[in-house]
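As a plain string of letters, each chain reads:
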Amino acid sequence: MPYLGGEETVRELRRALSNPNVQSDPLRYRNTILKVIRTMSQGVDVSGLFSEMVKACATVDVVQKKLVYVFLCSYATLNPELSLLVINTLRKDCQDPNPMVRSLALRNMTNLRLPSLVEYVEQPLTAGLRDRAACVRRVAVLGWAKLHNLHPSSEIDAAVVNELYSLLRDPDPVVMVNCLRALEEILKEEGGIAINKPITHHLLNRLKECDIWGQSEVLRVLQRYRPQSEDELFDILSLLDSFLVSPHPPVMAATLSLFLSISSNLPVISLAALERVSGPLLAACGSGSREMRFAAVCHIQLLLRSVPGLLGPHYKRFFCGYAEPAYIKERKMQVLVELVNDENVAMILDELKGYCTDVNTDTAQAAISAIGRIGRSYSDRCLQILTGLLGLKQDHITSAVVQTMRDLVWVCPQCSDTVCLALDGCEETLQDIQGRQALLWLLGVYGERISTAPYTLEVLIDRVRSEASLGIKMELLTATMRLFLCRPAETQDMLGRLLHYCIEEETDMCVRDQALLYYRLLHCGIEKTREVLQGRRSDPSLGVLIGRPAKPVSQWARCFNTLEPLSQGAVEAESDSRGSPEHVTYNSKPNADLSDTLSCSHIEEVHSGAEKIEEVDCAWIEECVRCPAVLHCSPQSLQAAMQLVNIQTLAFTPQQMLPWRVYLYTHTQRSHSMDAPNTTLILGELLCTGEANQKSGVKKGTADSEAGAEGKEDQLVRKEMDATADRLRVSEDGQEEEEGIKVILNQQPKDDDALRQFLTILITVLNTLSSEKD
Amino acid sequence: MISQVFILSSKGDHLIYKDFRGGAGNDIVSIFYEKVTALTGDQPPVVMNHKDIYFVHIRQGGLYWVATTTAGSSPFTITEFLNRLAALVKDYCGSLSEKSVQMNFALIYELLDEIVDYGYIQTTSSDVLKNFIQTEAVTSRPFSLFDLSNVGLFGAETQQSKVAPSSAATRPIQSSREQGGKSEIFVDVIERMTVVIGSNGLLMKADVEGEIRVKCYMPSCSEMRIGLNEEFSIGKSQLRGYGAAVRVDECSFHQAVRLDEFDSHRILRLCPSQGEQTVMQYQLSDDLPSALPFRLFPTIERDNGGSAAINVCATIPVPKGSVSLSQELSSPDQSAELKPQSRAVVWKIARFAGGTQLSALFKLEVPSLSSASMLEVGPVGLSFELPKITATGLQIRFLRLSPIQPGPSQRWVRYVTHSDSYTIRI
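Chains as they are written, first to last, in the UniProt record's numbering: chain W, 1 to 774; chain U, 1 to 426.
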């Protein structure tokens, strides 16, 4: 805050500070200094008073000393020369018989943050490490860390490091924890303090002496430790068990983090720990501090990813209080959606229904989309609520309801009848862009069942000149085209007008291009148009897999007890419900049990490594799968099926065409490595050259030389894709069986496990698809 | 690890700013405040980030308490720290407000200096801190009897004549030695109720979160014994005594509490340190032993006689676009007003005698009324404060201090039940 009259104030303060009468009266002197600090914290630059304040430092009054130090530490970097004057006083104070004065002097000496003073500070710091009083040792230990960070490049004396290691055995627990912290900072380059068995056991044994801050710090550092034997692991776990149910959330969370990291390859233990920790986490959800509640709810969301049914019986704890802030309400609703089951669905829906009319529009919309999510499993009840909400005729509610209905219909086509009936008349209330876009999509796709659809569109087409939003125009074009296909008589005229406007008058290139595309498409004949425009109107395959599969703990263990779940989760959920037809994406987590149920015969040939590709860090797999029917799948359903397991299709040939091929890619998580970039990119090609077992002559001599173009990492996916795709074509496929589809996979960086798992998933998908066709 | 800590008033004035690690830009506070004000809602998210600086903040006493940190820090630790800091400031300054923080900034800097060093939390125990803190607290008004905003007229139950003034516990802990050593101890049983009542009058959810809080102004108190109801039981299976049991679902204690007599006699032993601390926390869901304090069908009725509720406030959401309100209230000390901003009628009852029934009739004028508008009415939210009553029935049987305090000392036991969220569907 800029403070008017700052200069005047500074001048006045200087006069007062140098007034001998004031200096001789301790109380007045202290009050003047108090005024300086007050002005300082109001944001006025009082650095001009530095020399006067340095003088004020030499006093026996501890309160005054502390005040002056606050000032000096803030401005020392601006006045390095004058600060030298303080050093003498500080060094003298380090000899003071009163330990409080010693620690104060030592702390502020290191807080001045002046590289030039380092040589004066080292000696008192060394002495401080051996001080009798614990409070001085605490300060001295951290002082070394501060000193190191002033000169990050310079080596700290090995003797000091050794001394710090030995101070881990200091009787004072805070000194011990500070040593940990200081060593972590000083040895950052070597990866922090060496956590070996004796140190770990020492720290664990003294954990009870620390306060909660110390405990959480120690537990965090111990995450790096890997027990040498299973017995040791279980000893540690049982020792820590009481901390897991600590009433203090910081300790509980740190303990769980440690549990998850040291038992990362024992999933049973991790799950048991999650169950045990759910009690204290729930208690934190009811904490008096709403920020703490928020943190707890966010972490519960993480837990639910792995153990979906964990808190089912406690769903009532996630009902929102009416005075709670919107950010907590939103998270609680997300949790409620996860906890729905046959018994509680009525209660939860009833509760969510109450939030739909909330004063806060964000909360209301979040509640509506939560109902939509539940609608995927309990569509009738939810549609009833949603339809009822339309009756309110409020723009933000109607908009959210229409968007929710669109998403719901995409997943559950059986809802479409109810939705079509409900849509009548809501175009009058809709104001915002997303809501109108959703309505247009529904009108286009289900136009034949909504009697008023052409009239609604006509009104919009008449107003298209004044329409500002690009998205609406595009959606309007598509919707009108679709409607034309099913109700040509009523729509022909308005379609003509719309196309005319968009091609002749519209200034935006996107809209114009799309209109031109449709115009030419119509020239190709109605059948072709139909083929292009009337694709899927729903995604039936999504319906089966609605229940979220439990994900392994390792997927989120690393971000547990960090700020990540608090900041990122909301974004994730939001992007989930926006945008036209919603695709539920699943992480391509290899669920191996799926492949067991389906038998797939395939001959596997793995050429791993160098003979084909120069780069060592690539993996290469070729193999044949027998699932002929896949050829007859429509590209859309193939794409949808792939997306279900998070495989993205890049390009494919039309069905029935030979040679038939599909290019695809995906990212997978690296399963074992704990460090560094942990995703790998897999590129793949599906190729079928047809019954005749052609010696595919499609290669067109695309050069192998392009292999070098492969990028370093995954960023330039597309470019890389082209390069690889070309290269893939070169592969020989002589030994292919009749009616087989050849799968060629390429991966970078190499991770055999992930590649195998990916292959299993891919084959499963292909088999499922062909069995559907049969 | 905490890089900076600062306290802002709700208007964005810098009250306290402390940089522990150095190297941060001076504009960090303004960046934070811009982020807060840029949001439309009045409730900014707890965690916000600017590049790789993360701001974690809490709201207490109308102030923003902000810590900046890195992405890998524990949110639990940082929020707990900020809460603890606010509690300590409250202990040392007497109360939490913009004014008290402004007047005691030197004290707060001193506190921060001792609590955190180089971004690492050193200690927050008031026992340790009292040896280091030298600055005296400045209180704005020694006893704010007339400050009705924090009325909490809880009396000691057995001594009706000797009622502690509401502000007795809002004074700084340090001044006790100067103010003639008035040694006092307060034991507060505070319960927060979260209730949802369905439109048919059936109880849908009832949660009670309770805590026993000790506020100690005694310089020398080595041990304190708090006796709870003998029939107090934890969990569903365990029942004690013959009378109506006082039951809670879960219960946790402060780490300083010794529980060796808890199993047999329900006695908590502890050495209270100066200032405020939560000795025990407990929670109970669903089956409350006593009847609910408020009912509302068309009226609000209050059973559970013998006492009175204060500061009762009913918030009734009304249809959007309501323009005016006419009201019929049963007594002059109530008030009701229409708040178009939050789309609600707020009915305030300063004092609500036990066993009585109050009625109010509100007439709203809604120009564009449709049948669907009726859906927008309700649910009613009720906020209240019930002195001298605990919803779980938990009681303090006795409170003994040892060694026997020299000179006069006063012990206060107070009970209060707050509404956390009391919702009645219409």
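If you are wondering where the hints come from, they were derived from the structure by calculation, not from laboratory data. Some hints here could point you the wrong way.
As the list claims (entries may be wrong) - Subject to a maximum C-alpha distance of 25 Å in a straight line, what follows is the list of computed DMTMM-like cross-link-like pairs (lysine to aspartate or glutamate):
#: 1; chain 1: U; residue 1: Lys51; chain 2: W; residue 2: Glu185
#: 2; chain 1: U; residue 1: Lys205; chain 2: W; residue 2: Asp493
#: 3; chain 1: U; residue 1: Lys205; chain 2: U; residue 2: Asp19
#: 4; chain 1: U; residue 1: Lys18; chain 2: W; residue 2: Asp61
#: 5; chain 1: U; residue 1: Lys35; chain 2: W; residue 2: Glu564
#: 6; chain 1: U; residue 1: Lys339; chain 2: W; residue 2: Glu343
#: 7; chain 1: W; residue 1: Lys55; chain 2: W; residue 2: Asp131
#: 8; chain 1: W; residue 1: Lys55; chain 2: U; residue 2: Glu98
#: 9; chain 1: U; residue 1: Lys205; chain 2: U; residue 2: Asp287
#: 10; chain 1: U; residue 1: Lys205; chain 2: U; residue 2: Glu250
#: 11; chain 1: W; residue 1: Lys316; chain 2: W; residue 2: Glu338
#: 12; chain 1: U; residue 1: Lys130; chain 2: W; residue 2: Asp170
#: 13; chain 1: U; residue 1: Lys35; chain 2: U; residue 2: Glu136
#: 14; chain 1: U; residue 1: Lys99; chain 2: W; residue 2: Asp508
Claimed, not checked - Beyond 10 Å from chain U on every Cβ pair, some chain W residues (computed):
#: 15; residue: Val22
#: 16; residue: Arg38
#: 17; residue: Asn162
#: 18; residue: Tyr165
#: 19; residue: Ala283
#: 20; residue: Val335
#: 21; residue: Val765
#: 22; residue: Ser770
Stated by the list, open to error - Pair by pair, the computed Cβ-Cβ distance ranges are:
#: 23; chain 1: W; residue 1: Asp241; chain 2: U; residue 2: Asp52; range: 30 to 40 Å
#: 24; chain 1: W; residue 1: Ser154; chain 2: U; residue 2: Ser30; range: 32 to 42 Å
#: 25; chain 1: W; residue 1: Val118; chain 2: U; residue 2: Thr70; range: 21 to 31 Å
#: 26; chain 1: U; residue 1: Gln327; chain 2: W; residue 2: Leu421; range: 39 to 49 Å
#: 27; chain 1: W; residue 1: Pro171; chain 2: U; residue 2: Arg84; range: 20 to 30 Å
#: 28; chain 1: U; residue 1: Thr70; chain 2: W; residue 2: Asn21; range: 44 to 54 Å
#: 29; chain 1: U; residue 1: Thr70; chain 2: W; residue 2: Arg520; range: 53 to 63 Å
Yeah, the Cβ is synthetic: ideal placement off N, Cα and C, and Gly gets one too.
Hints versus structure:
1. For the hint pairing U/Lys51 with W/Glu185, the CA-to-CA distance comes to about 22 Å; that is within 25 Å, so the pair holds.
2. Annotation: proposed proximity of U/Lys205 to W/Asp493 is violated, straight-line Cα distance about 58 Å (limit 25 Å).
3. Simply put, U/Lys205 and U/Asp19 have alpha-carbon atoms about 46 Å apart, too far for the 25 Å limit, and the pair is violated.
4. A hinted pair counts as satisfied when its Cα atoms are at most 25 Å apart, and U/Lys18 with W/Asp61 qualifies at roughly 23 Å.
5. For the proposed pair U/Lys35 and W/Glu564, the alpha carbon gap of about 18 Å is at most 25 Å, so the pair holds.
6. For the suggested pair U/Lys339 and W/Glu343, the alpha carbons sit about 39 Å apart, so the restraint of at most 25 Å is broken.
7. The straight-line distance between the Cα atoms of W/Lys55 and W/Asp131 is roughly 28 Å, outside the 25 Å bound, and the hint therefore fails.
8. With a C-alpha separation of about 32 Å, the suggested pair W/Lys55 and U/Glu98 falls outside the 25 Å cut-off, and the hint is violated.
9. Proximity of U/Lys205 to U/Asp287 is assessed by CA-CA distance (about 9 Å); at most 25 Å being required, the pair is judged to hold.
10. Proximity of U/Lys205 to U/Glu250 is assessed by CA-CA distance (about 17 Å); at most 25 Å being required, the pair is judged to hold.
11. For a cut-off of 25 Å, the pair hint linking W/Lys316 to W/Glu338 stands: about 13 Å separates their Cα positions.
12. A hinted pair counts as satisfied when its Cα atoms are at most 25 Å apart, and U/Lys130 with W/Asp170 qualifies at roughly 23 Å.
13. Straight-line distance between C-alpha atoms of U/Lys35 and U/Glu136 comes to about 35 Å, which puts the hinted pair past the 25 Å bound.
14. A distance of roughly 57 Å separates the Cα atoms of U/Lys99 and W/Asp508; the hinted pair therefore is violated under the 25 Å criterion.
15. Taking the minimum C-beta to C-beta distance to chain U, about 18 Å, the non-interface status of W/Val22 holds against the 10 Å cut.
16. Residue placement check: W/Arg38 does not keep its beta carbon more than 10 Å from all beta carbons of chain U (closest about 6 Å).
17. Look at W/Asn162: its CB is around 21 Å from the nearest CB on chain U, clear of 10 Å, so calling it non-interface holds up.
18. Listed as outside the interface, W/Tyr165 is consistent with that label: its C-beta sits roughly 18 Å from the nearest C-beta of chain U, beyond the 10 Å cut-off.
19. The Cβ of W/Ala283 sits about 7 Å from the closest Cβ of chain U, inside the 10 Å cut-off, so the non-interface label is violated.
20. No beta-carbon of chain U comes within 10 Å of the beta-carbon of W/Val335; the shortest separation is about 15 Å.
21. Listed as a non-interface residue, W/Val765 keeps its Cβ farther than 10 Å from every Cβ of chain U; the least gap is roughly 36 Å.
22. No Cβ of chain U comes within 10 Å of the Cβ of W/Ser770; the nearest lies about 46 Å off, and the non-interface call holds.
23. Checked against the given bound of 30 to 40 Å, the beta carbons of W/Asp241 and U/Asp52, roughly 36 Å apart, stay inside it.
24. Remark: the range hint 32 to 42 Å for W/Ser154 to U/Ser30 is upheld by a beta-carbon distance near 35 Å.
25. At roughly 26 Å, the beta-carbon separation of W/Val118 and U/Thr70 lies within the given 21 to 31 Å, and the hint holds.
26. A beta carbon spacing of about 41 Å between U/Gln327 and W/Leu421 agrees with the range 39 to 49 Å that was offered as a hint.
27. Judged by the Cβ atoms, the range 20 to 30 Å given for W/Pro171 and U/Arg84 holds: they are separated by roughly 25 Å.
28. Under the hint 44 to 54 Å, the C-beta atoms of U/Thr70 and W/Asn21, about 49 Å apart, fit the expected range.
29. A hinted range of 53 to 63 Å holds for the C-beta pair U/Thr70 and W/Arg520, which are about 55 Å apart.
Hints 2, 3, 6, 7, 8, 13, 14, 16, 19, counting from the list given before, are not met by this structure.
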